[in-house]
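**Student:** Residue numbers (the working numbering), protein chains in the order written: chain R, 937 to 1079; chain G, 937 to 1079; chain Y, 937 to 1079.
What the hints contain is simulated information worked out from the structure, not anything from laboratory work. Wrong hints could be hidden among the right ones.
Here's a subset of chain Y near chain R, in silico, CB distances under 7 Å, partners left out [stated by the list, open to error]:
(1) 960
(2) 1004
(3) 1005
The calculated DSSO-like cross-link candidates involving lysine-lysine, where the alpha carbons are at most 30 Å apart (straight line), are [as the list claims (entries may be wrong)]:
(4) 1048/Y <-> 1048/R
(5) 1048/G <-> 1048/Y
(6) 1048/G <-> 1048/R
A few chain G residues that don't get close to chain Y, going by computed Cβ distances all over 12 Å [what the hints assert, rightly or not]:
(7) 968
(8) 972
(9) 982
(10) 988
(11) 994
(12) 1074
(13) 1075
Glycine included, every Cβ here is placed at the ideal spot set by N, Cα and C.
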Amino acid sequence: MVFYLQDLAAGPNATVVAPVAGINGRVWSFTTFGSIFVVDFPVTLSISPASELVGQAQGLLIASALDGASVNVALSIVFNNLQYNGSTLELQGISRRHENYREVSVVSGTGKFRFARGYAVLETAFFDISRSTLRLTITIQTN
Amino acid sequence: MVFYLQDLAAGPNATVVAPVAGINGRVWSFTTFGSIFVVDFPVTLSISPASELVGQAQGLLIASALDGASVNVALSIVFNNLQYNGSTLELQGISRRHENYREVSVVSGTGKFRFARGYAVLETAFFDISRSTLRLTITIQTN
Amino acid sequence: MVFYLQDLAAGPNATVVAPVAGINGRVWSFTTFGSIFVVDFPVTLSISPASELVGQAQGLLIASALDGASVNVALSIVFNNLQYNGSTLELQGISRRHENYREVSVVSGTGKFRFARGYAVLETAFFDISRSTLRLTITIQTN
Chain R
937 MVFYLQDLAA GPNATVVAPV AGINGRVWSF TTFGSIFVVD FPVTLSISPA SELVGQAQGL
997 LIASALDGAS VNVALSIVFN NLQYNGSTLE LQGISRRHEN YREVSVVSGT GKFRFARGYA
1057 VLETAFFDIS RSTLRLTITI QTN
Chain G
937 MVFYLQDLAA GPNATVVAPV AGINGRVWSF TTFGSIFVVD FPVTLSISPA SELVGQAQGL
997 LIASALDGAS VNVALSIVFN NLQYNGSTLE LQGISRRHEN YREVSVVSGT GKFRFARGYA
1057 VLETAFFDIS RSTLRLTITI QTN
Chain Y
937 MVFYLQDLAA GPNATVVAPV AGINGRVWSF TTFGSIFVVD FPVTLSISPA SELVGQAQGL
997 LIASALDGAS VNVALSIVFN NLQYNGSTLE LQGISRRHEN YREVSVVSGT GKFRFARGYA
1057 VLETAFFDIS RSTLRLTITI QTN
């Protein structure tokens, strides 16, 4: 399965990435240890942010590496359209900042993805100053 | 397996639901994107909050949906009484606010639930101004 | 598999344990309900903190028990050296404060640990005023 995570800086389907906790007195950023972000990314069928929406990727990003090299990812992919409408997948792992190929775990799912487990690869598919798109390639078994 | 999550506003076994993080300058609530709650719910054998305690459901609820339609759930069911005493189950997923049938994943467990995976259904079993009770129906396989 | 988590108060490979959220107006500690810590522990091959580094244990510790008896653990073991370099394991569960034998779940993994699930036992292997070392014994199946 291939989907696209849209990190949109602005617009009607803008992604929200909100810093909500961190070390007191520091700037909260992805490279500042201790920072926690709540995120809600649109997930689409194709690389264009205008392509059909299949769901949202919602959860936490946590700057848990002292050297800032990676962030912890804990996201639910909440499908709310098309063939997987009502189902979810749970993603968990580490995203390394300076690598294009980033693999996280699919720890479980619900609905059509009950008993799912596997892995998901995140790769930068598009990037400019206003937005970025990550290709999300998911491999699961459900037995 | 069927248990009951007791969300009790007061009393000796009161549930604790504490807002601990969120977007600076906003009210932190279940429908305000970015709010994080730490929770500790009593889990009982029957629908009555006075029925036998089997454990506690402890962890995080995260308002990670921009539209406020759902919250992320990351809970450990910590059994501390009766047949599963000392074991745990790990729940993860999305709870949709306006649906009575809410399915989350059982991602794993410990003790008697080693290698467990499956799903858990949350349904409102009782609700009034002072408290609510959720029926928790758990389906797992452990091989 | 046996590894060692080094909780080091000082030195070049010092562990970082940062309180980042909690109930407003309270001291944020492991026994104060609601406190969230982001952590980054070195993981070594042997009990000595000077032994070969195999990776880092990065993620969250959450004081989610009202009675302070346990904390929620959500950690990624990020291997960055030797035979599992580039792979990760996802740990999740409850660590009981007053027990020497603490079992958490291995919910998943990446790289060489794709499809992994199992359990991990944490035991205090060394403890003095300046540092502590936890033995981490991991049992997984990957099919």
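**Student:** Can you verify the interface hint for residue 1005/Y: is its Cβ closer than 7 Å to any Cβ in chain R?
**Tutor:** violated, 24 Å
**Student:** Does the claim that residue 1074/G lies off the interface hold, with its Cβ farther than 12 Å from every Cβ of chain Y?
**Tutor:** holds, 15 Å
**Student:** Is it true that the CA of residue 1048/Y sits at most 30 Å from the CA of residue 1048/R?
**Tutor:** Measuring from Cα to Cα gives roughly 27 Å; hence the hint holds.
**Student:** At 12 Å, judged by beta carbons, does residue 982/G keep clear of chain Y as stated?
**Tutor:** Residue 982/G clear of chain Y: closest Cβ-Cβ about 22 Å, beyond 12 Å.
**Student:** Less than 7 Å between beta-carbons is the criterion; does residue 1004/Y satisfy it with respect to chain R?
**Tutor:** violated, 21 Å
**Student:** Against chain Y, does residue 1075/G hold up as non-interface, every C-beta pair farther apart than 12 Å?
**Tutor:** It holds; residue 1075/G is separated from chain Y by about 17 Å at its closest Cβ, greater than 12 Å.
**Student:** Just double-check residue 988/G for me: nearest Cβ-Cβ distance to chain Y has to come out over 12 Å.
**Tutor:** holds, 18 Å
**Student:** In terms of Cβ atoms, is chain Y entirely out of 12 Å range of residue 972/G?
**Tutor:** violated, 7 Å
**Student:** Between residue 1048/G and residue 1048/R, does the CA-CA distance stay at or below 30 Å?
**Tutor:** Distance ~27 Å between residue 1048/G and residue 1048/R Cα, so the pair holds.
**Student:** Within a Cα-Cα threshold of 30 Å, do residue 1048/G and residue 1048/Y meet the stated pairing?
**Tutor:** holds, 27 Å
**Student:** Residue 994/G clear of chain Y by more than 12 Å, beta carbon to beta carbon?
**Tutor:** violated, 4 Å
**Student:** Taking the minimum C-beta separation from residue 968/G to chain Y, is that value above 12 Å?
**Tutor:** holds, 15 Å
Violated hints, listed in ascending order, are 1, 2, 3, 8 and 11; each of the other numbered hints is respected by the structure.
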